[in-house]
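Full structure from sequences and hints, please.
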Amino acid sequence: MIPPLNYLRPENLEVALSFLADESLRPHFIIAGGTDLILELRKGNIPPDSFLVDISFLRELRMLDLKNGELQIGALVTHQEISNSDLVRTFAPLLSRACGEVGTPQVRARGTIGGNIAHASPAADSIPPLLLHDAVLKLRTRDSRRSVPLSSFLKGAYSTDLKEGELIERINISPLKGFNFGFERLIFRERVGIPRLIVCVALKISQAIEEARISVGATTPVAFRVKRVEDFLKGKFPSNKIFQEASRIASQEMLEISGKRWSTPYKKPVLEALLRRALNTASRLARDE
Amino acid sequence: MNKVKISLKVNGRDYVLDVFPNKRLLDILREELGLTGTKEGCGIGECGACTVLVDGEAVNSCLVLAPQADGKEVITVEGLGDGENLHPLQRAFIEHFAFQCGFCTPGMLMAAFSLISKNPQPTEEEIRKGLSGVLCRCTGYLPIIEAVKKAAEEMKKC
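Line by line, the protein sequences are chains B and G. Quick note: the first sequence uses this note's numbering, first residue 3, plus one each step. Quick note: the second sequence uses this note's numbering, first residue 278, plus one each step.
Think of the hints as simulated: they come from the structure by calculation, not from any bench. It is possible that some hints are incorrect.
[Stated by the list, open to error] List of simulated lysine-lysine pairs, DSSO-like, C-alpha gap at most 30 Å:
#1 B:K270 with B:K206
#2 G:K300 with G:K280
#3 G:K282 with G:K349
#4 B:K270 with B:K236
#5 B:K45 with G:K349
#6 G:K426 with G:K395
#7 B:K157 with B:K262
#8 B:K165 with G:K300
#9 G:K282 with B:K45
#10 G:K300 with G:K286
#11 G:K427 with G:K395
#12 B:K229 with B:K165
#13 G:K300 with B:K45
#14 G:K349 with G:K280
#15 B:K45 with G:K426
Here it is in structure tokens:
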């Protein structure tokens, strides 16, 4: 079922990067937790005799720390470690929440945040909260380093800007200070399944809304920040009426990105309702439904 | 395709094995070590029948390549009892009729074992969440949840 593979286990990050740079070891695929890659192997999406570079043993990629006011999360940190981390709960509460919802306990124990990003599923749980924080990826090849905002790294469904020979080393997140948060996630079964909608909201309010950050995942090829709604909300006083209007703008933007689809009659009102709820939670308004 | 030498501990015993890298932990447990208590249901990490503990964490053994288990400590359903006596969880499953066809039972037991190891007195909600990665198509789950509750109480007395 799984095709024959050439297995490589680098003993440190330098060796891993030299394997990835080596043109005689192609095509190569990086395996970390394996919860997505093993499915791709089974589906036949990876050619036989590919080189599998197993980075799961690299301690260098397991850091989770607050440095210079930034939360730094190594690519190999698992969903479970993120959802159990007090640092993440304090400085990126929606990321903590979202990683605690991924798949099942078994998948959360193996699946990594770097893998979640590199796989770039439209329904990836970690991506909408990371977008809220303007997360930046630290990428490395053997000979170079670069920093790329997550929003420009994601190119489409299952498609990223990761270059040949490149590896995600870590994710840097700036905490959102003085914000309140709202989170909604729609799934057909409470556990195990794949989310159909993820809505993340951060509001900074001093009577009027000073700043709004909103991201929506799982309904377009790439999760996105709803900038038009963020701009609309700025300077407004929180109210059910304003949030209703904001939700309509968001669903309009979803339609402009993904076009009218068979699921539109369902997703449009549901996105509007979930966004209203998340805005209400973040603004501490009573629920309007 | 070259074989990879791995050493791992399974149910307290040390093994050194030469494995093909396209084999999964599930395959080597069943085929190399004869530990057929661990079942393959879906093979894609959804049903949880293949759940084992790796370094104390419940994982789907169908989603771990054999070489990735190198140096790890694995516990399967065969490692729950001591050879003479069943584990309190296993006894509670029998007493509460917590299975019918039995195919998910090893996965349920290992998920429950992982839960109770970390959280000896789980609430019902925590039990439901802890077992959420294993699907059962026979019991409707209630007897399983009851059995885990009772086993946790039993183990508290010891």
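Quick rundown of the hints versus the structure:
In summary, the hint linking B:K270 to B:K206 is supported, as the alpha carbons are separated by about 26 Å, within the 30 Å threshold. About 10 Å separates the Cα atoms of G:K300 and G:K280, which keeps this hinted pair within 30 Å; it holds. For the proposed pair G:K282 and G:K349, the alpha carbon gap of about 13 Å is at most 30 Å, so the pair holds. For the hint linking B:K270 to B:K236, the alpha-carbon distance of about 23 Å falls within 30 Å, and the restraint holds.
Proximity of B:K45 to G:K349 is assessed by CA-CA distance (about 27 Å); at most 30 Å being required, the pair is judged to hold. A hinted pair counts as satisfied when its Cα atoms are at most 30 Å apart, and G:K426 with G:K395 qualifies at roughly 14 Å. Taking the CA atoms of B:K157 and B:K262, the gap is near 21 Å; set against the 30 Å cutoff, the hint holds. Between B:K165 and G:K300, the direct Cα distance comes to roughly 29 Å. Compliance with the 30 Å bound is thereby established for this hinted pair.
With a C-alpha separation of about 26 Å, the suggested pairing of G:K282 with B:K45 holds against the 30 Å cut-off. For the hint pairing G:K300 with G:K286, the CA-to-CA distance comes to about 17 Å; that is within 30 Å, so the pair holds. In summary, the hint linking G:K427 to G:K395 is supported, as the alpha carbons are separated by about 17 Å, within the 30 Å threshold. As the CA atoms of B:K229 and B:K165 are separated by approximately 28 Å, the hinted pair is consistent with the 30 Å bound.
Straight-line distance between C-alpha atoms of G:K300 and B:K45 comes to about 15 Å, which keeps the hinted pair within the 30 Å bound. Distance hint between G:K349 and G:K280 is fulfilled; the C-alpha atoms sit about 18 Å from each other, no more than 30 Å. Simply put, B:K45 and G:K426 have alpha-carbon atoms about 39 Å apart, too far for the 30 Å limit, and the pair is violated.
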